[in-house]
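Asker: Next come the chains, spelled out residue by residue.
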Amino acid sequence: MARIGVVTFPGSLDDRDAARAVRLAGAEPVRLWHAEDSLAGVDAVVLPGGFSYGDYLRAGAISRFAPIMGSVVDAANAGVPVLGICNGFQILCESHLLAGAMVKNTQLTFLCTDQVLRVENAQTAWSNQFAQGQEILIPLKNQDGQFIADEPTLDELEGEGRVVFRYVGNPNGSRRDIAGITNARGNVVGLMPHPEHAVEDGFGPGTDGLGFFRSALTALLASA
Amino acid sequence: MTTAPAGTPDTVENATATPGAELPYAELGLKEDEYARIVDILGRRPTAAELAMYSVMWSEHCSYKSSKRHLGQFGDKTTEEMREHLLVGIGQNAGVVDIGDGWAVTFKVESHNHPSYVEPYQGAATGVGGIVRDIISMGARPVAVMDQLRFGAIDHPDTARVVHGVVSGVGGYGNSLGLPNIGGETEFDASYQRNPLVNALCVGVLRHEDIHLANAEGAGNKVVLFGARTGGDGIGGASILASETFDEDKPSKRPSVQVGDPFMEKVLIECCLELFAARVVEGIQDLGAAGISCATSELASNGDGGMHVDLENVLLRDPTLTAGEILMSESQERMMAVVAPDKLEEFLAITGRWDVETSVIGEVTGTGRLTIDHYGQRIVDVDPKTVAHEGPVYDRPYAKPAWQDALNADDAARLPRPASPEDVRTQALTVLASPNLASKSWITDQYDRYVQGNTAMSQPDDAGVIRVDETSGLGVAIATDANGRFTKLDPYTGARQALAEAYRNVATVGARPLAVTDCLNFGSPEDPDAMWQLVQAITGLADACAELGVPVTGGNVSLYNSTLAGEVGKGHIDASINPTPVVGVLGVLDDVTHATPSGWSESGREVFLLGTTRTEFSGSVWAGVIHEHLGGRPPVVDLDAERSLARVLIDAASGGVAHAAHDLAAGGLLQSLTDAVLRHGVGADLDLTGLLERDGIDLATVLFAESGARALVAANPDRGNDLVALAESHSVPVLRLGTTSDGDLDLGGGLTFTVAELREAHEGVLPARFA
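In the order they appear, the protein sequences are chains A and B. For reference, each letter of the first sequence is one residue, going 1 to 224 in the numbering used here. For reference, each letter of the second sequence is one residue, going 1001 to 1771 in the numbering used here.
Where hints are given, some of them may not hold.
Output of the computed footprint for chain B on chain A, the stretches with three or more beta carbons under 8 Å from beta carbons of chain B [unchecked claim]:
# : stretch
1 : 65 to 76
2 : 200 to 214
Just a sample of chain B residues kept apart from chain A, beta carbon distances all over 10 Å, derived [what the hints assert, rightly or not]:
#  : residue
3  : D1098
4  : D1158
5  : E1217
6  : R1279
7  : Y1375
8  : D1395
9  : P1528
10 : L1639
Rather than coming from a laboratory, the hints here were simulated on the basis of the structure. All C-beta atoms in this analysis are idealised placements derived from N, C-alpha and C, irrespective of residue type, glycine included.
Work the whole structure out from these sequences, hints included.
Answerer: This is the structure:
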């Protein structure tokens, strides 16, 4: 069975939920601790949501220096699938594994809503179970969710097909409605919405989130 | 390590030697006779540090000195049968209820009203933080929060400041803790101007064997303080500082509102759960009001011996704090544990892993005394029970207010009611767009409702529903209610109504009501009017709990909500807030996936009204919005009818009969229909003539009256007859109103509302004011 690690930082909030989603998708969740530098031989890594270190500085700015992040960066560069959700996305940006940055939502308040996303790239390690152009319903909940980057970077992301998910109805002012992006290789994906909260009927808006984790299993099988 | 402060501390020895020394007890809020009692208890004058401890612990907030005499009713009226599911009752940090399969749930609601007016963000944030620590102290993992908010008039210039601060404070703290906010209440009323109410409820989950108590037992066990460092925040006021500060260089004023750090609290939650799992904690207490004074005296008082503390071992944020300040500081995110010496190393390893600063500050003794030394000098030597549990108890004078009878005589039935469908329609849209009925999603969308992945229902459903056991689906439902307008008209009935509504809400989703928590928000106990309201409400709530067989497991009293008395004077009808007894009911569901939602999600479902509608307008939203009227007597509370209705609703959920169910409360049938429609944009074709005839009422009464013991239920396909049979078997009046549809909300007789116009009326109100 594929083993997918979920990192807990001080202030991680959705780490147990990400582990549950991994289990429901059919993989074995492995809890990883920020202060260790070992990835325990996992096949893929999830950086979960939360407010690591309180996010009193820029979101993710401190976590990127956690001992485990060195290993995560090395693994990502070696092609291991890495998913950053919300705070995890912010940490991936701070770690320069992904482009851009997140600032406060345009309305300046925390927003929790069921958000429709359009799949723009169904080829990545975390989106290959979706169809190109498919619309999925995933909870969004954050305060600093507005994705920004300079125009050349945005053009590059668009040009290389690295925009993975786009908001249908922009909830927070993100540039070009971008909800999630990937790296050049397509193994590292970050997004602000929370797929781990759409994995069980009755506990979130449907089960579209399972597709993220099943995509990783498919990617791992293909590379095995 | 800090060094001893300069100057001579006021030691026990010194206090004995200088019996005539003047102490500023009045500035600390103690009355002359209270001070005399302290001298009598100690057999000498108190030291400055002892005086600090007694003054905070004997305050109204900590000692319940005005309400204690009456709160005893909650215990006295709880029968053995009602205690069947109670694992821990009133008196600990929170009550604990057995929900089956070895699972237990602890829950409690508390107020943080006054700080939230002074500094709305931090006041609300630390209100959430405080109640969450109460829940951790029981050995539980916190799994959800709710907030009960009351603000001044929505169009008052100061209201937006308070709303923005409080909502972002509740959200900012709760969201950062990873606790889903599953519901609550928000109301606006001029009586809360300059006196907003911020109540917060937390619920936690634990196994029976994981229950921890705030007891210091076993001589030789270590007393450990861990979490945030102790700072100068939250000390009870400048007068206290002035009384003890001899150092001219010190800052003379400190904020009296505490400042929260949710990150620290989140780490503290996980750290405590790991400590509990490792079985290295003998007793535990959170630090809230009165800080170390409260934690040491309560732990020692609940235990079997005494306690000794060396105060210089407390880790400080500010090394210039005096002993008295350290004892009174209300710095947040701190916990105190009692740890066996052979478990200490493991304890420290766990707190170290979480980078939680920890210090051993003392130990449990067999002396029966609480002694505190500061750099080797004895500054406190007291019987802890006299500090924690044997404070003054007052029998405050109370009497029915002079204005009460006139208020009750002014029945809203005299108000002109609209007769034509056109007039009803116009008033309906006005009522739906009033602040207290309008959608609260502008607020609740600022709260994380999904984190932890166990939220089966949240606002705007009738109750928040949380899964406890992932395998079986076992879970709990919680609802809170309070109607200040009804309670002003009749505090006894108003409190009963609050319980009835919360009980009904929990049953509406299909849960069996098990236990109660309450937060009693009232005016000054020194005003006989407000005191009468408090006594009436406590009596009403205790009686109603006994009649419904649900015990109060804990709660909180917030008095002195009488800011406006300064303007209108004591005895005036507007001197205090509308008395607001927030009542929370917890119920259990065998499988939360069977919980009944409030909104219609399919067309073609038969819609039924359960219960009887009477000409009851007094205290209603309609009377307030259309006629700016508050008078008469609140709707009758019929607890037998409530119990029967609850049985129908619970069976309808477990039997798969109900497609949707929603209770009728503020705003009556009109509001319930609107909520049911707007959830998924599903309309209905209804005919109300049968209801008009059966209950002998007019159209305005059908839509606007706020009679209790009613619910709107849509049946699953081919289950309408089962619902009727179920209702009849419990003698609950039932009437088929029509079916859900893909179109408008058509009430028959030419009265139709489009989904779009309902949505516009209902959802635009708060964003227009605050977004």
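Asker: Compare the structure with each hint and give your call.
Answerer: Okay, the hints, checked on the actual structure:
With a threshold of 8 Å between beta carbons, the proposed coverage of the stretch 65 to 76 of chain A by chain B is violated, since 0 of its residues qualify and at least three are required. Restraint check on the stretch 200 to 214 of chain A versus chain B: 5 residues with Cβ-Cβ distances below 8 Å, three needed, restraint holds. With a minimum CB-CB distance of about 24 Å to chain A, D1098 of chain B clears the 10 Å threshold, and the non-interface call stands. Annotated as non-interface, D1158 of chain B keeps its C-beta farther than 10 Å from every C-beta of chain A; the closest such distance is 20 Å.
Listed as outside the interface, E1217 of chain B is consistent with that label: its C-beta sits roughly 32 Å from the nearest C-beta of chain A, beyond the 10 Å cut-off. Listed as a non-interface residue, R1279 of chain B keeps its Cβ farther than 10 Å from every Cβ of chain A; the least gap is roughly 21 Å. For Y1375 of chain B, the non-interface assignment is confirmed: its Cβ lies about 34 Å from the closest Cβ of chain A, beyond the 10 Å cut-off. At roughly 47 Å, the least C-beta separation between D1395 of chain B and chain A is larger than 10 Å, which holds for a residue marked as non-interface.
The Cβ of P1528 of chain B lies farther than 10 Å from every Cβ of chain A, with a closest approach of about 43 Å, so its non-interface assignment holds. The claim that L1639 of chain B lies off the interface holds: its Cβ sits roughly 32 Å from the closest Cβ of chain A, which is beyond the 10 Å cut-off.
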